[in-house]
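Using the hints, position chain C against chain V.
There are 2 protein chains.
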Amino acid sequence: MYIPTYDDVLAAHERIKPFIHRTPVLTSSYFNDLTGAELFFKCENFQKAGAFKVRGASNAVFGLSDEMAAKGVATHSSGNHALSLSYAAGRRGIPCHVVMPRTAPQAKKDAVRGYGGIITECEPSTTSREAVFAEVQAATGAEFVHPYNDPRVIAGQATCSKELLEQVEGLDAVIAPIGGGGMISGTCLTLSNIAPQVKIYAAEPEQADDAYRSFKAGHIIADDAPNTVADGLKVPLKELTWHFVSNHVSDILTASEEEIVDAMKLTWKRMKIVIEPSCAVPLATILKNRDVFAGKRVGVIITGGNVDLDALPWIKA
Amino acid sequence: MYIPTYDDVLAAHERIKPFIHRTPVLTSSYFNDLTGAELFFKCENFQKAGAFKVRGASNAVFGLSDEMAAKGVATHSSGNHALSLSYAAGRRGIPCHVVMPRTAPQAKKDAVRGYGGIITECEPSTTSREAVFAEVQAATGAEFVHPYNDPRVIAGQATCSKELLEQVEGLDAVIAPIGGGGMISGTCLTLSNIAPQVKIYAAEPEQADDAYRSFKAGHIIADDAPNTVADGLKVPLKELTWHFVSNHVSDILTASEEEIVDAMKLTWKRMKIVIEPSCAVPLATILKNRDVFAGKRVGVIITGGNVDLDALPWIKA
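As they're listed, the protein sequences go chains V and C.
Per this note's numbering: the first sequence = residues 1 to 317.
Per this note's numbering: the second sequence = residues 1001 to 1317.
Please note that the accuracy of each hint is not assured.
Just some of the chain V residues that point at chain C, by a computed CB distance under 7 Å [to be verified]:
1) F46
2) K234
3) K272
4) V292
Okay, derived cross-link-like pairs now, DSS-like style, lysine-lysine, Cα gap no bigger than 27 Å in a straight line [to be verified]:
5) K1288(C) - K1109(C)
6) K316(V) - K1017(C)
7) K269(V) - K1109(C)
8) K1316(C) - K265(V)
9) K269(V) - K1017(C)
Facing chain C, from chain V, some residues (calculated, C-beta under 7 Å) [unchecked claim]:
10) N45
11) R102
12) F144
13) V261
14) K265
15) V274
16) G305
Treat the hints as calculated values from the structure; they're not laboratory data.
For each residue, glycine too, the CB sits at the ideal point set by N, CA and C.
In isolation and in its complexed conformation, chain V is listed as follows (with noise of 0.2 Å):
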């Protein structure tokens, strides 16, 4: 298992600058009252492909020989990392193929396609799509990017707290969503680095909580059949994110399924901003654990804004 270096970021960094935004950090005087810290929102809900997960992508895909390159990657995501792969794979010029299951939404699927992606529908089952998945490879000799426990993606994920580090100054600690823990692996690797003061704090519903249980027992317990409205939050840990995971967080914490959907709408709300249930994780943990970060500096990753617009959580069908 290659554990990716702090010269993986710097490097991965400069390969993907042309291709992604360097995305803004927002305030709110509103929050801030509220929660007795001072919070600052790097809003990854602006990003290309609407996700931090194409810093991860591009790294990956940019990354590649140019006879690697020419066969094109791989996946079988359906959410934020396909989008972010096929666009990536866009930018490069090479093909996407993306395994996904057949009753995926089909706002999903005209998502992927909207990037470029190639869509090769599976059953809805782990052997199906493995299958298909195996098939797929075997035709086109694509690389196989997955989501999280790729080094390459977790470099690509580093660059988002670099770029926070780079716009905050003093900040106490870092919060961010936890699901395959990519994102707090990247976290990780470059606060441990360049910032091993701050401390790091992942955010998990209550209703997915394997990560807060593999914290607390010291190794990766997966959850069976995890089910939150922060959809992109239900993926177990692996061993390399269990890694960074294991190694540098201060402390998982979790918020109830209401609270989750309480703190996405009150985003909305105060700050005008389209944030995907999984990114309101964090502001759900920090106000229910206001004596963990009053009166500290906090930065806070929104990490998507990629929202079924017409199925909205907080509205009964």
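For chain C alone, coordinates are given in the frame of chain V:
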């Protein structure tokens, strides 16, 4: 009738700077591709109190003598002007009286009270509103601040395009929504003085097109009962805003309800910002008048972001 000058704008900007945000200008490669223009979105949805109206309200409030200010300010808007005037009065530590129909949505009353406004309810008729407002003024001596037909307010709104010109070079045109005409008048005031080469477009809902018809007729025509999702744009022009519109606006463009809602939703989806229906009207008209704007550098005023998140116009109840 006092016509505000550009010196009034300069004085207004100095006066209100401590109380407002210098809002960011966002761009979107997606919308640039879609329109063939280069669009620069001046994001007053990120403004204090969630709308540009805080500029004019602050200028009125902070321009009062101490003696006048002590008696407070008053208005009878139930929208962004009421929020903004309440916010500005709160910053000066003086009362703000708002006359609102008792039938106004609870959310609007809560929002005004949230900014410290003191509500006096009237019946939902013009007669009652005027009678109750006269009583409030007689009892308090509060200074009436009209939402738009007031030189102090127009000079305040004019600071928005002053900032935009400082932030973006070489604009060919600026477009803003038109209701009562406060923002457009401020835009005319600034541009006609310091950038007369920049064309000024106003955007209006077809279903509340009194400004369009006035512009074509050469005199003010008031709508009787306009009905549009862009509820901030239902009010008619008055003599002061008509002065600016008739002298400086290049053209008024209109959009249908469906076009407005589509542009609003598309902005949320692609730019990840929460905007009101009113400020989707300019983008809707740009999308349908591609030939007017293609190849041009166009400033688009995003006027506000105060939306009822429980009643979005693309979701059927």
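Results of checking the hints against the structure:
no.: 1; hint: F46; result: 6 Å, holds
no.: 2; hint: K234; result: 22 Å, violated
no.: 3; hint: K272; result: 4 Å, holds
no.: 4; hint: V292; result: 27 Å, violated
no.: 5; hint: K1288(C) - K1109(C); result: 36 Å, violated
no.: 6; hint: K316(V) - K1017(C); result: 42 Å, violated
no.: 7; hint: K269(V) - K1109(C); result: 16 Å, holds
no.: 8; hint: K1316(C) - K265(V); result: 19 Å, holds
no.: 9; hint: K269(V) - K1017(C); result: 24 Å, holds
no.: 10; hint: N45; result: 4 Å, holds
no.: 11; hint: R102; result: 24 Å, violated
no.: 12; hint: F144; result: 29 Å, violated
no.: 13; hint: V261; result: 11 Å, violated
no.: 14; hint: K265; result: 6 Å, holds
no.: 15; hint: V274; result: 4 Å, holds
no.: 16; hint: G305; result: 4 Å, holds
Checked against the numbered hints given earlier, the structure breaks hints 2, 4, 5, 6, 11, 12, 13 and satisfies all the rest.
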